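S.K.: If you read the sequences in order, they're chains V and A.
Quick note: the first sequence, position 27, residue 27 per our numbering, numbers continuous.
Quick note: the second sequence, position 189, residue 189 per our numbering, numbers continuous.
Check the hints yourself; a few may be wrong.
Unchecked claim - DEER-style ranges, computed between Cβ atoms:
1) Asn188(A) / Ala29(V): 34 to 42 Å
2) Arg220(A) / Thr47(V): 18 to 26 Å
3) Thr47(V) / Asn7(A): 23 to 31 Å
4) Ala62(V) / Leu11(A): 17 to 25 Å
5) Ala135(V) / Pro83(A): 20 to 28 Å
6) Leu64(A) / Ala62(V): 32 to 40 Å
7) Pro37(V) / Ala216(A): 34 to 42 Å
What the hints assert, rightly or not - If the Cβ cut is set under 10 Å, some of the chain V residues that face chain A in the computed set are:
8) Ile59
9) Thr60
10) Ala109
11) Phe124
12) Gly138
13) Val139
14) Asp182
If you're looking for bench data, these hints aren't it; they were derived computationally from the structure.
Source: prediction; values computed, not measured.
Beta carbons are placed, not taken as given, at the ideal position from N, Cα and C, and that holds for glycine.
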Amino acid sequence: MGLKKGTEYTGMDVDVATYIAKELGTDAADITWVQAPSAQRETLISTGQVDMVVATYSITDARKEKISFAGPYFVAGQDLLVRADDSSITGPDSLKGKKLCSVTGSTSAQNVKEDVPGVQLQEFATYSECLPALANKGVDALTTDDTILAGFASQEEYKGKFKVVGQTFSEERYGVGLKKGDTALCEKVNAAITKMVTDGAWQKAIDDNLGPAGYKPGAGNPPTPDACA
Amino acid sequence: MGEIFENYDVLAAFGMTLYLTVFAAIGSLLLGTVLAVMRVSPVGVLRRLGSFYINTVRNTPLTLILLFCILGAFYILKLEFTPASSPTWVRDNGIRWAIVGLAVYHAAFVCEALRSGVNTVPAGQAEAARSIGLTFAQSMREVILPQAFRGAIAPLGSVLIALTKNTTVASIIGVAEASGLMKVIIENQTASVTVFLVFALGFVILTLPVGILFTALSRRLAVKR
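For reference, chain V alone in the conformation it holds in the complex:
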């Protein structure tokens, strides 16, 4: 949920990261942004190339073996994006015989393969490639975290063509990736997240970034950060 527009970085993740950095005593202007591709996130953290990763980074046990998480700062869920005039898909139960699109190797793609037998899955390198396939009726739905889908539904060139089904069927808890065992930093980040929720900056970040898509945060939001281990 981060995007580079010209030289400016925007997005929900960027707003959260900026807020946390400010609480830790770093001005927005002094932040060095580093792109964090999925495969490199743990390495970036454990080698100290970055101090923290804020990038729709779901808290999982496998990842906790390599790094520590602060947060969660947001709870998303896997959902479906369908063509606006398609009423045949109402949730994961109505997917039998349908064709889905997602990203190669992503958790969303694996969930669908395991949980919905009889569904066909087209995988691409990025979600953007699913959109033309969806628009041309090659696939029936695009599936991933609802936060990402909301962004696509509101993209200018696809406005009004797609809708988010709104039946989440997984829980993705976005955390802040930190060096393993850095409890002190984790406590500070958690305090910053809690403060962000109470002073309204969290809600503002949601409204600014996901509001235009008509997105309402699901159950569990705003989340209470986990205890630091």
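For this one, chain V is given, so just place chain A on it according to the hints.
M.R.: Using the frame of chain V, we list chain A on its own:
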């Protein structure tokens, strides 16, 4: 490392890599040979057509060609290999379009390797073939191409090795070959040196024998002049 083999079907993924490689190799060899003949033919239009193909395809990134195949040809133009009612429609069309894309791309390199083979045949032989009354097609078939293939074995081996590794690009259009599985493992277990080593080793096992075989063949079969 045992954990990776236990939880994931690594062999099946490399099986798909092999499947793509074999069929794309056959396709690119056929298409590449036709292109090479076009490029050395006495007909100007064919020569220019051949050059145009090479210059266009060879200079287009493979990623773009595969994306065009799946998004342009398949999803938008609806050119499908199996009917939409098939329960494996997405998978089958993905694999076949990947083979088409890989074959189309590597045909350009096969053609240039073969053309270099044609250049190893002394011009006198072509002249001699024509002077005893062989047509262009006959002289290609009986005299030039057999020697050209034998002279081009080493570069053809390089193309085959490149093709084997380039099949990894097929994962971007959802074909479940080796690098696609690697992405799954990284997503679930986080990236580790072991994961990279397993897949790097897999490709070495696939490509190293090919390199050794083609080098040996190129020595044995080279036309001694």
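S.K.: Would you mind marking each hint as holding or not holding in the structure?
M.R.: Hints and how they fare:
no.: 1; hint: Asn188(A) / Ala29(V): 34 to 42 Å; result: 38 Å, holds
no.: 2; hint: Arg220(A) / Thr47(V): 18 to 26 Å; result: 49 Å, violated
no.: 3; hint: Thr47(V) / Asn7(A): 23 to 31 Å; result: 26 Å, holds
no.: 4; hint: Ala62(V) / Leu11(A): 17 to 25 Å; result: 23 Å, holds
no.: 5; hint: Ala135(V) / Pro83(A): 20 to 28 Å; result: 21 Å, holds
no.: 6; hint: Leu64(A) / Ala62(V): 32 to 40 Å; result: 34 Å, holds
no.: 7; hint: Pro37(V) / Ala216(A): 34 to 42 Å; result: 40 Å, holds
no.: 8; hint: Ile59; result: 13 Å, violated
no.: 9; hint: Thr60; result: 8 Å, holds
no.: 10; hint: Ala109; result: 8 Å, holds
no.: 11; hint: Phe124; result: 6 Å, holds
no.: 12; hint: Gly138; result: 4 Å, holds
no.: 13; hint: Val139; result: 8 Å, holds
no.: 14; hint: Asp182; result: 17 Å, violated
In summary, the numbered hints that this structure violates are 2, 8 and 14.
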